[in-house]
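Novice: Residues per chain are reported as follows:
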Amino acid sequence: MGLESLVQRCEDLCRDLDFNYVKEWKKKTGSKAVAFMPIYVPRELIHAAGMLPVGIMGGGDDLEIIRGDAYFQSYICRIPRSTIELGLGGKLDCMDGFLFPAICDVIRNLSGMWKIMFKEKYAKYLDFPQNLGKSGKNFYVQELQQLKADFETISGKKITDESLGRSNALYNENREVLRELYDLRSRYPHQILTYEAYLILRASNILEVSEHTRLVRDYMALAMKKSRPNRDYVRVIVSGAFCEQPPLTLIRALEGSGCYIVDDDWVLGARYVLGAVSGSGDPLMALADSYMDKTVATGSRHEDASVKGDYLIRLVRERRADGVVFAAPSFCDPALLERPMLQDALTAENIPHTGFKYAENTGQIQTIKEETGTFADSIKLWGAE
Amino acid sequence: MNIQKKMIGDHYKKLSTAKADGKKVVYTFVPGNLNELILSFDMLPVHPEINALQSGMRKKSGDFIMEAEKSGHSEDVCTYVKCDIGMMKKGNIGPTGEKLPEPDLLLLSYTGCFTFMKWFELLQKEYNCPVAMLHVPYQGDGEITESMKQYVVDQIRDTVIPALEKASGRKYDENRLKEFLRSSARAEDDLVAIWESAKNRPSPIDAYFGGVYYIGPIFTAFRGLPECEQYYKSLRKEVEYRVEHKMGPTTPEGELNQQKFRVVVEGPPNWTSFREFWKMFSDEGAVVVSSTYITVGGLYDRGFRHDAGKPMETMAEYCMGCYTNRNLPARVDILEKAIKDYHADGFLINSIKSCNSFSVGQLLMLRELEKRTGKAGGFIESDLVDPRYFSASNIKNRLESYFQMVAAKRAST
Chain A
51 MGLESLVQRC EDLCRDLDFN YVKEWKKKTG SKAVAFMPIY VPRELIHAAG
101 MLPVGIMGGG DDLEIIRGDA YFQSYICRIP RSTIELGLGG KLDCMDGFLF
151 PAICDVIRNL SGMWKIMFKE KYAKYLDFPQ NLGKSGKNFY VQELQQLKAD
201 FETISGKKIT DESLGRSNAL YNENREVLRE LYDLRSRYPH QILTYEAYLI
251 LRASNILEVS EHTRLVRDYM ALAMKKSRPN RDYVRVIVSG AFCEQPPLTL
301 IRALEGSGCY IVDDDWVLGA RYVLGAVSGS GDPLMALADS YMDKTVATGS
351 RHEDASVKGD YLIRLVRERR ADGVVFAAPS FCDPALLERP MLQDALTAEN
401 IPHTGFKYAE NTGQIQTIKE ETGTFADSIK LWGAE
Chain B
50 MNIQKKMIGD HYKKLSTAKA DGKKVVYTFV PGNLNELILS FDMLPVHPEI
100 NALQSGMRKK SGDFIMEAEK SGHSEDVCTY VKCDIGMMKK GNIGPTGEKL
150 PEPDLLLLSY TGCFTFMKWF ELLQKEYNCP VAMLHVPYQG DGEITESMKQ
200 YVVDQIRDTV IPALEKASGR KYDENRLKEF LRSSARAEDD LVAIWESAKN
250 RPSPIDAYFG GVYYIGPIFT AFRGLPECEQ YYKSLRKEVE YRVEHKMGPT
300 TPEGELNQQK FRVVVEGPPN WTSFREFWKM FSDEGAVVVS STYITVGGLY
350 DRGFRHDAGK PMETMAEYCM GCYTNRNLPA RVDILEKAIK DYHADGFLIN
400 SIKSCNSFSV GQLLMLRELE KRTGKAGGFI ESDLVDPRYF SASNIKNRLE
450 SYFQMVAAKR AST
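Chains A and B supply the protein sequences, listed in that same order.
Using our numbering, the first residue of the first sequence is number 51, and each one after it goes up by one.
Using our numbering, the first residue of the second sequence is number 50, and each one after it goes up by one.
Isolated chain A (complex conformation) (with noise of 0.2 Å):
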């Protein structure tokens, strides 16, 4: 497969609200699948039961909102009310449960929605432990060990050490890989484009995660060969945008306003845990460690403020970015609330940002555009003075 054909191949992926994948993959294998709003969970669990694991981040620009916004109020964020609209569409019928991360209160309320809208499907709020010291611990691995029992129960497949712990295996090399593409991206941000990466990236909310990791390789190794021009942009990071994802119009808008992007957090389920979860000792254990030890910074985890803003700032160091831009959806209390201190830890380091709000519908590109393009030339006119 060409780089076009293969970019191409995940856009479709990215546009497909009716699942289609997950059909056949539940067709070929006779197995079940999970869906899970951003921005993290255990994949592994859904995996080593067998089951297709599949990240719903909404319905994007290409969903018309008809039945979604009756059960909203207009200042509610959008991706609860896409996600109702496929539910209520049918488009969500191929996946055998879904699952509620403790991100906000929005969907913590969508998780007691889906139980009366949906009855007869398994719907979970999952909460994560913000106090990360042994109590945490132990509560958390009290959860996994209770999902790992209703996995059980939707798969009817036991889940071994040994399932789990392939299961944890494929999922530290798909980690690895995507840490490979950003590393490759910010080293060649003119051959790695954003909105290719991007796509690549959201492709493993949904293949089955050994073919997402021949996926990514696939595309380094065509991108890298292909000869691109290697323009006079700025480096940016972007950061706020880890739950409702911007539209696909817009990720290509701001690589186009001058920006090359080389770090972010789309996704950022995909690439939560940091470093490897163990090979050795008990594979939930190792699995519970990794959430409480080694994952990146977000706006849904508590942080001391003592150390509020330096995972970024280390971020920007790592990356040599020239600024940050803070893209977060409108009305989303986790990005919200966060960026102010961030901005104050930024500016206290006197690294430029700029930041706008965006809905996953969002039309307003141009304005936008122009407003990342002026920052991109504020920097190259006067660095970070």
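Please keep in mind that the hints were generated in silico from the structure rather than gathered at the bench.
Heads up, the beta-carbon is just placed ideally off N, CA and C, and yes, glycines get one too.
Hints are not guaranteed to be accurate.
As the list claims (entries may be wrong) - Calculated lysine to any residue pairs in the SDA-like style (CA-CA distance at most 25 Å, straight line):
1) B/K119 - A/Q196
2) B/K458 - A/A120
3) B/K198 - A/Q196
Said to hold, decoys possible - Quick partial rundown of chain B residues pointing at chain A, CB under 7 Å, derived from the structure:
4) C178
5) D203
6) H294
7) D382
Claimed, not checked - Per the computed footprint, the stretches of chain B lying under chain A, defined by three or more beta-carbons under 8 Å from a beta-carbon of chain A, are:
8) 233-246
9) 419-425
With chain A held as given, fit chain B onto it using these hints.
Specialist: Below, chain B alone, put in the same frame as chain A:
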């Protein structure tokens, strides 16, 4: 009403002289608050939501919110937070005009509201003081499991108590804690009797406006203290007198004895136009017989009492039992029961722009409740303390139409 005004006024006075008096101060949130534990360390509690709503009632919140927005806070987020940040940036002068003390500890009881977490991260940055995180797991499946309870107990024992010891300079004294817990349980009995008095016709209380104004608030900073017990004893006596003499509740417009409509209300009130909002109900002869906002501090009417016999477990159960820590199906059940138990003619949802914890799912709740009870549901929108989001004429029109609908429905059955 006069006693509660004095108690709250005295509390703010104490806070203003806390540093001079050598008192240590802990900021914490209303839902799932550990008041008895705080009192056992002889510390003074400050509740930022209460400061914000008091600022709203005193027409100060608009300026505070603008101040926070000028410093980079989004117009989309919680106005309680912005009101608090704005108040701090303007010198931390509290709602009564006295300066509030800086915290010695931020006790982050992360219960039923995501914003709490960010709120105290923001405050920690400003005050540079320690945070004790008490993560209260959400009742996602509508129940409190043993593992959830153990998690909260462990955190109280291993995180919260050591942090309080350090901040206060006092050792944990379980016997002292038990005394406060016993006092709370006695006051809780009286509180429940007061809430349940609304089953009478006419109702002697208004369980929303009156509920948040003079019935509920004393239960926050004062729960566990003798003056709290005394307050609820007196209030219960007065309410029983009203029941006996068929008297309605006191409203800003006088006593509401002619009660045409009995309604249940879901969601917080608007504070910036509180009196005007209340008057819209009393003008229509509507009394609120039960409301959910009064249960963010605890669902005592469903049987919970602080139990001094098991201090850690009882605090954990209390934290997890708050209304906003219950999932949406449970909230619908609670409302359905209230509509039936209190013989309500209908129910109203006041949907608050800046409170996702309450607001997300309310339109589904409306449908479910109409389906289950056959009663008319109404939906209005406002905000907690942002005066820009209180449109009096719109709300009044909606309320008038709603009560006409209730009357028509009643006439047809």
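Novice: Are the hints correct? Go through all of them and say.
Specialist: Consistency of the hints with the structure:
For the given pair, B/K119 sits about 46 Å from A/Q196 by alpha-carbon distance, which is inconsistent with the 25 Å threshold. With a CA separation close to 24 Å, the supplied pair B/K458 and A/A120 stays within the 25 Å bound. The straight-line distance between the Cα atoms of B/K198 and A/Q196 is roughly 15 Å, inside the 25 Å bound, and the hint therefore holds. Interface restraint check: B/C178 against chain A, minimum CB-CB distance 9 Å, threshold 7 Å, status violated.
Because the smallest distance between the Cβ of B/D203 and any Cβ of chain A comes to about 3 Å, under 7 Å, the interface hint for this residue holds. Against a cut-off of 7 Å between C-beta atoms, the interface hint on B/H294 is violated, since the closest Cβ of chain A lies about 42 Å away. Hint status for B/D382: violated, given a least beta-carbon distance of 11 Å to chain A, over 7 Å. Evaluation of the coverage hint for the region 233-246 of chain B: breached, as 0 residues show C-beta separations to chain A shorter than 8 Å, against a requirement of three.
Only residues whose beta carbon comes within less than 8 Å of a beta carbon in chain A count, and the region 419-425 of chain B has 0; fewer than three means the coverage is violated.
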